[in-house]
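Student: Here's the letter readout for the chains.
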Amino acid sequence: MDTLRPAQNYLNEPRGWKSWLFTLDHKRIGIMYLAAILLAFLLGGIFALIVRLELLRPGADLMSADTYNKMFTLHGAIMIFLFIIPSIPAALGNFALPLMIGARDVAFPRLNLASWWVYVAGTIIALYSIFAGAVDTGWTFYTPYSTQTTTAVISMTFAAFVLGFSSIFTGINFIVTVHKLRAPGMTWFKMPLFVWALYATAIIQVLATPVLGITLLLLIFERLFAIGIFDPAMGGDPVLYQHFFWFYSHPAVYIMILPGMGIMSELVATFARKTIFGYRFVAFSSVAIALIGFLVWGHHMFTSGQSEAASMVFSALTFLVGIPSAVKIFNWLTTLYKGQISFETPMLYALWFLCTFTIGGLTGIFLGALVVDVHLHDTYFVVAHFHYVMMGGTVMAFLGGIHYWWPKMFGRMYSEFWGRIAAVLVFVGFNGTFFPQFVMGAQGMPRRYFDYVPEYGTMHAASTVGSWIMTLGFLIMATYLIASFWRGKPAGNNPWGALSLEWTTTSPPPPHNFDSQPVVTHGPHDYDKIIAPSTLAGR
Amino acid sequence: MSDTTGHPAYLAHHFADAEQQRESSKLGMWIFLVTEILLFGGLFCAYTIYRSWYPQMFLDAHRALDVTMGGINTVVLITSSLTMALAIRCMQLGQRQNTLRLLWATLLLAGVFLVIKYFEYAHKFHLGQLPGKYYTYTGVEGTNPHIFFSVYFLMTGLHGLHVIGGMGVIAWMIRRTARGDFSADYYTPIEMTGLYWHLVDLIWIFLFPLLYLIG
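So the sequence lines, in the order shown, correspond to chains Z and H.
Position 5, counted from 1, in the first sequence is what our numbering calls 5; the numbers after and before it change by one each time, with no gaps.
Every number in our numbering is 1000 more than the matching position in the second sequence, counting from 1.
By construction, these hints were calculated from the structure, which means they are not laboratory data.
Nothing here was measured: the structure is a model prediction, and the numbers come from that model.
Treat the hints with care, as some may be off.
[Unchecked claim] Here are the in silico distance ranges between beta carbons for each label pair:
id, chain 1, residue 1, chain 2, residue 2, range
1, Z, A326, H, I1049, 48 to 58 Å
2, Z, A7, H, G1111, 54 to 64 Å
3, Z, Q517, H, L1202, 33 to 43 Å
4, H, G1111, Z, R110, 42 to 52 Å
5, H, H1007, Z, G185, 18 to 28 Å
6, H, H1007, Z, G138, 30 to 40 Å
7, H, M1069, Z, A369, 53 to 63 Å
[Stated by the list, open to error] Per the computed footprint, the stretches of chain H lying under chain Z, defined by three or more beta-carbons under 8 Å from a beta-carbon of chain Z, are:
id, segment
8, 1027-1036
9, 1045-1053
10, 1092-1101
11, 1180-1193
The C-beta atom is built at its ideal place from N, Cα and C for all residues, glycine as well.
Chain Z with its partners taken away, still in its complex shape:
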């Protein structure tokens, strides 16, 4: 039966566009999120290419400084709020989480649909602000500049406010689903690590997002009524805005990376055919990262004039996050050790993640160290660091996850050959783009400048060329993934020989996920104990 697509699956039953836009099926909502999020990625990517093109050579080549400011702000705001925060939880998480714990759906399907529509509404408001003059504040909307500029700050921050609801809805749904809807036998420590990561992410989503919500509302009121809370001329404090903003936005960094780490655990175990080393440590490290993530926001403000004592405490707490992150990295490496590693496309992205996230994480320690940060603050070193974490971490894991679950989502395989070529191009292009930025940053190139002295010319040119190589990789990826709809070989239930529950149902899954209620008898990564020759036959 492996080679046949089931006659009735969630993709073709029921039919019609209304059955998609108003569906309560978590799998369809996941696919709709995936489509919307990839469009956001495309848009944010185009802005990135424009920014890099301007920086190819010193001098004003393409645009004015004002336009440049808008371009990098839009790149940042779109990538953060529309793409990377919802990317893995809302798209891949929505699709995979109920399947992985043997549930028929998430706990609140209507809320789930609402979260997608709220996301669309937020996206429309964000697009509106692009046409209403865009924003030039940087994606952080720092006061006092954001209360003074004439650009469309109100609609862009309102868009982020609306998108926050979408994030909260998803978080509530995932927490309740994990608590209440696990299949019989699925104890907490038999849950796949991706589920653990999504659970930890959901905790941050519900605890941090409301604070951003109120912060953005305060900013909007500051612009409308000059309420004086962030305005020093009226007795307010602009640094308070930074405190509020980073109380959300630093934990939000972990909203971005934790789900990626969850995907990593799935990929490493599956493609090394080994039990995850230290499963419980990896699971608890997700929760530890989520909790410590709330205590480190002040490291964004070392140079803002906060007290030295506060800076030292935040610096120390920042180092603390390195511990659970290192636990994960070391456990993945130990899992790979003596594993039967196969280098399919998803696994390549897992390896890229190990390289790039480690660089990103370690440079984070540089920036968390008070003395070093004062030198590196607001230079390209910071830009390189967070791109290594967010893009080298989250996006690599996201791409690995898309390739991993693609056969389950659509029942067809993509071209493995072109998959590997694209993966190599993305890796080379990524490092080509961002590694020179570490060098430039250490030499003192400030971030966000649209012009620079000729000494930085070589590095900027290398960085821009890197961005083109990466783009080529993405174009190839888009081509073979779309082509797989027509040319892809039928995937079968379990093309990777994985052990978690989503691979026990048909590909694509039937509308209600499982034909009969699954009962869990073994752990999700117990490759050492369970040798299942039938599932490995196709490899």
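We have chain Z already, so just place chain H on it with the hints.
Tutor: Okay, now just chain H, sitting in the frame of chain Z:
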């Protein structure tokens, strides 16, 4: 509510039984309430900071608020919380008519709260005790008194929005109760509305002393 197979009509397909469904709703609602508290938390934080910066100004400015009206509103809101709780109890006992009466009472009391709030706001608008740059009142000693009124209007305004939202949900519950959606076996939506309403009440119980009674 049950059909012949013993499968209740209110049970969604993805839950194994009614108990699981009820437990899920409860957990979801509690988490939502946590997010609400954190939303207000930002404002409480702003309150704390500005009060510690301008203690005397806060003390002087709070005298502009009407303690009597605020006090009456506190009583009104606590009473509405009681009628809400009783409405849930009545539904647990299957007394649909009583539930309806109590829900109407809750809605009415919420309306009374907003009317009193309206008179308070109107008075302040009239005197120019407005947030930020619209502040024109001169009767408060101390620096930056507009910040007190910014904080006052933001906190009570956000709370007022929650009251209005709550009234919408209560009205919807009235309609569903009248339609016969609920019974002694199934009253989860009313219970969840009650949880939300108690939170609205609770936030006011913090706002009242912080804004009206400081000193």
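Student: Of the hints given before, which are not true for this structure?
Tutor: Violated hints (numbers, rising): 1, 4, 6, 10, 11; every other hint is consistent with the structure.
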